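Keeping their order, the protein sequence lines are chains P and U.
Using this note's numbering, the letters of the first sequence map in sequence onto residues 1 to 234.
Using this note's numbering, the letters of the second sequence map in sequence onto residues 1001 to 1115.
Treat each hint with caution, since some may be false.
As the list claims (entries may be wrong) - Some chain U residues well away from chain P (every beta-carbon gap over 12 Å; in silico): (1) Ala1015; (2) Ser1018; (3) Ile1020; (4) His1022; (5) Ile1024; (6) Val1029; (7) Met1031; (8) Val1038; (9) Thr1039; (10) Tyr1056; (11) Lys1081; (12) Phe1083; (13) Ile1096; (14) Thr1100; (15) Leu1105.
To be verified - Just so you have them, the derived chain U footprint on chain P, three or more residues with Cβ under 8 Å: (16) 46-53; (17) 163-170; (18) 223-229.
Just so you know, these hints were derived from the structure itself, not from any lab.
Source: prediction; values computed, not measured.
Here a beta-carbon is modelled for each residue, glycine too, at the ideal position from N, C-alpha and C.
Below, each chain spelled out in residue letters.
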Amino acid sequence: MKKPLIIIPAFNEEQNIERVVDNLIENYSQYDYVIINDGSFDNTRKICKRRGYNILDLPVNLGLSGAIRGGMRYANYYGYDYVIQYDGDGQHQAEYIEDMLKAMEKYCVDIVIGSRFVSERKPLNIRMIGSQLITYAIFITTGGTYIGDVTSGMRLFNKRMIKKFGYHINYSPEPDTLAYLINSGIKIKEVQVHMIDRMAGTSYFSLGHSINYMLHMFFSIFIFQWFRDKLEEK
Amino acid sequence: MSTMLRWALLIGALATASYILHKIKRAKVKMEDAIFWVTFAFVLSILGFIPQISYYMSNYFGIQSPANFVYLMILFLLIEKMFTMSIKISQLEDKIEVLTAEVALRTHEKTKETK
């Protein structure tokens, strides 16, 4: 069986990328990895070339969903069975990937979410209130599926999902897609992981995007998902 | 406001909403781009259902007839859409330029290596 593939979307991560990737290469050689440089305008690309990292270099900035799409297509092209989405900023801990892979086998699910809030409580701040609202929206529209950490960037996908996320429109790696997939009969499981706060650089999402983001999520969870065709296998 | 105009608004709203939702069903449009049109249809239907809004607003702004307020509202929404689309198009053009230049640069790099 082929190794699981870790895809690392990176946008202006010159301060973090070396630490993250070196850790994977030294301590987690049981996984393959690919960095998806999402049109960074800092030294991310140069560092990756200099260190000889495996990099998929997007010439223009596409945003997270485009970067993930690139990674999924890479995974499909080279015939990987499992993909782990993993942040380039050092938030995620690779030790939990094994737990996630085991959970996928054990519960026969298509997506495993590395969640901060399975056995731990959500802290109370603006960001997490937004997250909880989306959690409730998914809970209501899916008839009672509770996903604690909807915005977690650490996810494990199986082959079926790789094809969907890589080749179909409206499969962004966002919570609205999770709601739609659950209603299409896809099984999703959360596994408790620990994340550390980012050490350097700025996050993918700025606060300015947040309102737009919430609006988009609510429209698509409450309205649009009912009009989408239920998961056709092609 | 005439009954005909109210009907026209409601039919327009229904047509807009069903067309864009049909596009979502056929996987032909990104959902974020449909938000505007659903909102647009919603505003049209509100104006059609509750003409009192147009009466009140035209009075408030000193517009001659309520129908004119309806036109103004539609104009306003469409101009806003055109504005954001214009910005989007110029960003896309910029991206195409960069993309083309990068593809050319990278194929050049490759042919140099193989020589």
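Consistency of the hints with the structure:
With a least beta-carbon separation of about 15 Å from chain P, alanine 1015 of chain U lies farther than 12 Å from that chain, consistent with its non-interface assignment. Non-interface status of serine 1018 of chain U relative to chain P is broken: a Cβ of that chain comes within 12 Å, the nearest being about 10 Å off. Residue-level check failed: isoleucine 1020 of chain U sits 9 Å from the nearest beta carbon of chain P, not beyond 12 Å. Not every CB of chain P lies more than 12 Å from the CB of histidine 1022 of chain U, the least distance being 8 Å, so the non-interface label is violated.
The non-interface label for isoleucine 1024 of chain U is inconsistent with chain P: the shortest C-beta to C-beta separation is roughly 5 Å, within 12 Å. Not every beta carbon of chain P lies more than 12 Å from that of valine 1029 of chain U, the smallest distance being close to 8 Å; the non-interface claim is violated. With a least beta-carbon separation of about 5 Å from chain P, methionine 1031 of chain U fails to lie farther than 12 Å from that chain, contradicting its non-interface assignment. The beta carbon of valine 1038 of chain U sits about 7 Å from the closest Cβ of chain P, which is not more than 12 Å, so the claim that it is off the interface is violated.
For threonine 1039 of chain U, the shortest C-beta to C-beta distance to chain P comes to about 9 Å, within the 12 Å cut-off, and the non-interface label is violated. Here tyrosine 1056 of chain U stays apart from chain P, with its beta-carbon at least about 27 Å from theirs, past the 12 Å limit. No beta-carbon of chain P is positioned within 12 Å of the beta-carbon of lysine 1081 of chain U; the least distance is around 15 Å. With 12 Å as the threshold on Cβ separation, the claim that phenylalanine 1083 of chain U sits away from chain P holds: the shortest Cβ distance comes to roughly 16 Å.
The beta carbon of isoleucine 1096 of chain U is not kept farther than 12 Å from every beta carbon of chain P, the shortest such distance being approximately 9 Å. Chain P draws threonine 1100 of chain U into its interface by the beta-carbon criterion, the shortest separation being 9 Å against a cut-off of 12 Å. Not every beta carbon of chain P lies more than 12 Å from that of leucine 1105 of chain U, the smallest distance being close to 9 Å; the non-interface claim is violated. Only when three residues or more bring their CB closer than 8 Å to a CB of chain U does the claim for the stretch 46-53 of chain P stand; here the count is 0, and the claim is violated.
Coverage of the stretch 163-170 of chain P by chain U holds in this model, with 3 residues showing a Cβ closer than 8 Å to a Cβ of that chain against a need of three. Coverage of the stretch 223-229 of chain P by chain U holds [criterion: at least 3 residues with CB-CB distance below 8 Å; count 5].
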